[in-house]
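Here the sequence shown stands for residues 1 to 269, numbered as in full-length UniProt numbering.
Note that these hints are calculated values from the structure, not bench results. Take the hints with a grain of salt, since some may be wrong.
No farther apart than 25 Å at their CA atoms in a straight line, the calculated lysine-lysine pairs in the DSS-like style are these [said to hold, decoys possible]: (1) LYS217 / LYS205; (2) LYS195 / LYS205; (3) LYS262 / LYS209.
Cβ pair distances, simulated, as ranges [what the hints assert, rightly or not]: (4) VAL201 / ASP148: 40 to 50 Å; (5) GLY175 / VAL254: 41 to 51 Å; (6) ASP194 / GLY53: 25 to 35 Å; (7) GLU27 / GLU136: 23 to 33 Å.
All C-beta atoms in this analysis are idealised placements derived from N, C-alpha and C, irrespective of residue type, glycine included.
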Amino acid sequence: MLSFAKPARHQHVEPEETGPKKLPWGEGERLQKVLAKAGVASRRAAEELIEQGRVEVDGAIVREQGLRIDPNTAVVRVDGVRIVVRDEQVYLALNKPKGYQSTMSDELGRPCVGDIVAERVMAGQRLFHVGRLDAETEGLLLLTNDGDLAHRLMHPSFEVSKTYLATVQGEVQRGIGRQLRDGVELDDGPARVDKFQVLEVGEGKSLVKVVLHEGRKHIVRRLLDAVGHPVIALVRTNIGPVALGDQRPGTLRVLGRDEIGKLYEAVAL
Numbered sequence: 001m002l003s004f005a006k007p008a009r010h011q012h013v014e015p016e017e018t019g020p021k022k023l024p025w026g027e028g029e030r031l032q033k034v035l036a037k038a039g040v041a042s043r044r045a046a047e048e049l050i051e052q053g054r055v056e057v058d059g060a061i062v063r064e065q066g067l068r069i070d071p072n073t074a075v076v077r078v079d080g081v082r083i084v085v086r087d088e089q090v091y092l093a094l095n096k097p098k099g100y101q102s103t104m105s106d107e108l109g110r111p112c113v114g115d116i117v118a119e120r121v122m123a124g125q126r127l128f129h130v131g132r133l134d135a136e137t138e139g140l141l142l143l144t145n146d147g148d149l150a151h152r153l154m155h156p157s158f159e160v161s162k163t164y165l166a167t168v169q170g171e172v173q174r175g176i177g178r179q180l181r182d183g184v185e186l187d188d189g190p191a192r193v194d195k196f197q198v199l200e201v202g203e204g205k206s207l208v209k210v211v212l213h214e215g216r217k218h219i220v221r222r223l224l225d226a227v228g229h230p231v232i233a234l235v236r237t238n239i240g241p242v243a244l245g246d247q248r249p250g251t252l253r254v255l256g257r258d259e260i261g262k263l264y265e266a267v268a269l
């Protein structure tokens with residue numbers, strides 16, 4: 001963290017250009033996000049660095065919050081030190097099909113996530129998945145090579161919510177939601193959901209929506225089983241601000257800049 005260095009304006013730096021190139025609206029990336037991705041500081045701390053006049057772009061001190069720059073061409077310095085902007089990060093959303101293991105390889109030869117991204121890995125991308133889904137569960141799985149973001153998304157202290165749609169046995173009655181929100185005792189300690197909603201009931205089964213930030217293994221299945229409604233089918237539809245939408249099983253999509261920014265915000269990066 002850059003805390004004791006002198007402000008950039010007190011240091012002699014030879015400007016490489018006359019100032020940051022103004023980009024059309026919507027292009028480039030916000031300067032504070034570029035600094036966060038470069039590992040200089042969190043986005044909030046980066047805003048403070050900008051406010052203190054400690055950040056330069058193309059030889060000119062920048063005090064404007066939200067300035068958009070092209071990280072591939074802009075020369076960025078903090079306290080006179082050139083910042084190497086890593087622009088090789090990859091952020092992908094996968095709709096993991098049922099029957100696939102949440103691993104990059106499987107010693108038993110079973111279908112796995114690594115099979116779906118094999119071409120990217122062979123091309124040199126080092127990807128890893130954020131969290132897991134058991135083989136029988138389908139839905140949203142994030143893949144990235146951004147270790148800091150992945151670590152925080154998986155760490156329970158940041159409480160990133162996950163949303164599931166579950167088809168369960170039996171017609172769910174009123175009171176089950178309150179029971180799940182209040183907490184259920186499992187064999188490895190109590191667990192509870194953040195939100196619970198019954199969407200459809202009929203023909204001896206129910207469709208329910210479950211939102212929680214727990215990360216224990218099989219937690220959704222175990223909770224629903226504990227209240228008498230074993231899971232028939234389970235799909236994860238959301239991880240924090242990222243939604244599966246109408247993405248088909250087995251397909252990948254690149255996360256949008258807004259989604260990546262909201263993920264950073266969710267884990268205070």
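How the hints compare with the structure:
no.	hint	verdict
1	LYS217 / LYS205	holds, 24 Å
2	LYS195 / LYS205	holds, 20 Å
3	LYS262 / LYS209	holds, 23 Å
4	VAL201 / ASP148: 40 to 50 Å	holds, 43 Å
5	GLY175 / VAL254: 41 to 51 Å	holds, 43 Å
6	ASP194 / GLY53: 25 to 35 Å	violated, 42 Å
7	GLU27 / GLU136: 23 to 33 Å	violated, 43 Å
Figure legend: structure checked against the earlier numbered hints; hints not met, in rising order: 6 and 7.
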